[in-house]
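Student: Below, each chain spelled out in residue letters.
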Amino acid sequence: MNDQTVRLERITKNYGTVDMPDNLNLDVAAKEKATSEPMVRFENVAKRYGTLTVLDKLNLDIARNEKVSIIGPSGSGKTTVLRMLMTLERINEGVIWVDGEPLTHMQKNGQMVTASDRHLRRVRGKIGMVFQHFNLFPHMTALQNCMEAPVSVLGLSKQEAEARAAELLDMVGLGDKKSHFPIQLSGGQKQRVAIARALAMRPKVMLFDEVTSALDPELVGEVLNVIRKLGAEHNLTMLMVTHQMGFAKEFSDRVCFFYGGKIAEQGPPDQLFSDPQNERTRQFLSAVLEAG
Amino acid sequence: MNIWDWSYVWEALPYIYRGAIVTVQATLLGFAIALVLGLVFALIRQSPNRYISTAMAEIVEFIRSTPLLLQVFFVYFVGPQFGVVIPAWSAGIGVLGIHYAAYCSECYRGGIENVEGGQWEACTALNLSKSRSWRAIILPQAIPPIVPSLGNYFISMFKDTPILAAIAILEMLQQAKNFGANNYRYIEAITMVGFFYLVFSLVASAIVQTVGFWLNRRYHLQ
Chain B
1 MNDQTVRLER
11 ITKNYGTVDM
21 PDNLNLDVAA
31 KEKATSEPMV
41 RFENVAKRYG
51 TLTVLDKLNL
61 DIARNEKVSI
71 IGPSGSGKTT
81 VLRMLMTLER
91 INEGVIWVDG
101 EPLTHMQKNG
111 QMVTASDRHL
121 RRVRGKIGMV
131 FQHFNLFPHM
141 TALQNCMEAP
151 VSVLGLSKQE
161 AEARAAELLD
171 MVGLGDKKSH
181 FPIQLSGGQK
191 QRVAIARALA
201 MRPKVMLFDE
211 VTSALDPELV
221 GEVLNVIRKL
231 GAEHNLTMLM
241 VTHQMGFAKE
251 FSDRVCFFYG
261 GKIAEQGPPD
271 QLFSDPQNER
281 TRQFLSAVLE
291 AG
Chain D
293 MNIWDWSYVW
303 EALPYIYRGA
313 IVTVQATLLG
323 FAIALVLGLV
333 FALIRQSPNR
343 YISTAMAEIV
353 EFIRSTPLLL
363 QVFFVYFVGP
373 QFGVVIPAWS
383 AGIGVLGIHY
393 AAYCSECYRG
403 GIENVEGGQW
413 EACTALNLSK
423 SRSWRAIILP
433 QAIPPIVPSL
443 GNYFISMFKD
453 TPILAAIAIL
463 EMLQQAKNFG
473 ANNYRYIEAI
483 TMVGFFYLVF
493 SLVASAIVQT
503 VGFWLNRRYH
513 LQ
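Chain order of the listed sequences is B and D. The numbering of the first sequence is the working numbering, which starts it at 1 and goes up by one. The numbering of the second sequence is the working numbering, which starts it at 293 and goes up by one.
Quick caveat, the hints were computed from the structure, so don't treat them as lab data. Mixed in with the good hints, there may be bad ones.
With beta-carbon atoms standing in for the labels, derived distance ranges [as the list claims (entries may be wrong)]:
#, chain 1, residue 1, chain 2, residue 2, range
1, D, THR346, B, ALA287, 44 to 50 angstroms
2, D, GLU353, B, ARG64, 51 to 57 angstroms
3, B, ALA63, D, ARG509, 45 to 51 angstroms
4, D, VAL328, B, SER74, 41 to 47 angstroms
5, B, ARG48, D, ILE351, 32 to 38 angstroms
6, B, ARG228, D, THR346, 49 to 55 angstroms
Virtual Cβ for every residue (Gly too), placed ideally from N, Cα, C.
Here chain B stands alone, though its shape is the one from the complex (with noise of 0.2 angstroms):
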């Protein structure tokens, strides 16, 4: 036994109901780690609200750069992947790993015990998120937004920190908003601010829970227009929960239907949206497609 299994044997330990999945080769993981270890990896996830189960024996790999969208019916989970990768929820069972080593756990005397709060923070940098309701600190200005975090959490100077807001809100197209605080901005104005503030603390994982949902139709667009251009000129891996199903098919490399909890269907957007296996796939989507 090497030594990933007798940790996950461990894991098993403490957690009681995880089954091994068959599909998991550890042996190949641990050798190809440097090249095609996933970025993010759930390992039989699963989380209950008392004696509703939320997510059921969640195992997803999401490889290095790429771009994923989870679709599917309210209730059904989506949201919640996101959560539990951004820490925001507490998971029932298995595993999250990042960048190859467990956000949910670690070691402490050789066992694998929940984390504690110092080690989700150093295992929680790598990850970003953009909120459905932007969540600006109301009290700053978008520049002091941006540089809130890369100042007291990461020690840059002020200088530092203000150079590199200035340089994403530059980016983002709010060069000329940076001293503006958030309720003197468009819906897709703060949503823009809040995507530079999370790039801010140089992410190697975003995610974005709907981003667009609580914003005028005219300011999808700009919004959006952001997200494929950080797309196509960075390395970022890409989790977003969205429900713009043309743009989930044009941006990302795989989509993932959820339903009642698990992924009921996953694939290439192409595949996915215009030959959907499932029958609840087809449901959802004609569902969307005449409501769109």
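For this one, chain B is given, so just place chain D on it according to the hints.
Tutor: The following block gives chain D in isolation, referenced to the frame of chain B:
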């Protein structure tokens, strides 16, 4: 005999002035304690440890559910029986401060809970530390909106300072009462004190409103 005699006014003035100094000092010091301690109570109440937060909630409830006068008596008269001797001035201001800290903590709690949950999520997503999240993000949004209610407690506390007379602190009303007792003449002294309370309350309330307005604008809230 006149209903109102100005000579008594001039005679009472130095006593009431001395008392007013004591009253204002007690109010300012007591409220400073209440503001700081109230915030501490409120933060402890937010502890993720359920036992700690419940214990804090019970303590606050206990303080709010017993009379201020009783608390003052307890510290000043019962304390010495157990070897805890606190001078009247410290005991009085301390108890005033702690009593109003309990009220202020509820105020702070309201302000804190009114800050959108999304703000905490953004703090987590940006990896801010707990203390930095509180100081830079949550409290600057939580406090400006509650300044008016904190101000109400400031004025309430000011009006509760006569309780200090019960442990022989010569605050304004006690001075007036003594003056009245010595001269068999109460109306001028008591009326002057009432007038002073009224003026102080009105001025304080105007200041509080200005501060609240200024803070909300400074932090671009609402």
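Student: Confirm or reject each hint.
Tutor: Verification of the hints:
1. D:THR346 x B:ALA287: 44 to 50 angstroms: 47 angstroms, holds
2. D:GLU353 x B:ARG64: 51 to 57 angstroms: Because 54 angstroms falls inside the window, the suggested range holds.
3. B:ALA63 x D:ARG509: 45 to 51 angstroms: Since the Cβ atoms of ALA63 (chain B) and ARG509 (chain D) sit about 49 angstroms apart, the hinted range of 45 to 51 angstroms holds.
4. D:VAL328 x B:SER74: 41 to 47 angstroms: 45 angstroms, holds
5. B:ARG48 x D:ILE351: 32 to 38 angstroms: 35 angstroms, holds
6. B:ARG228 x D:THR346: 49 to 55 angstroms: Since the Cβ atoms of ARG228 (chain B) and THR346 (chain D) sit about 50 angstroms apart, the hinted range of 49 to 55 angstroms holds.
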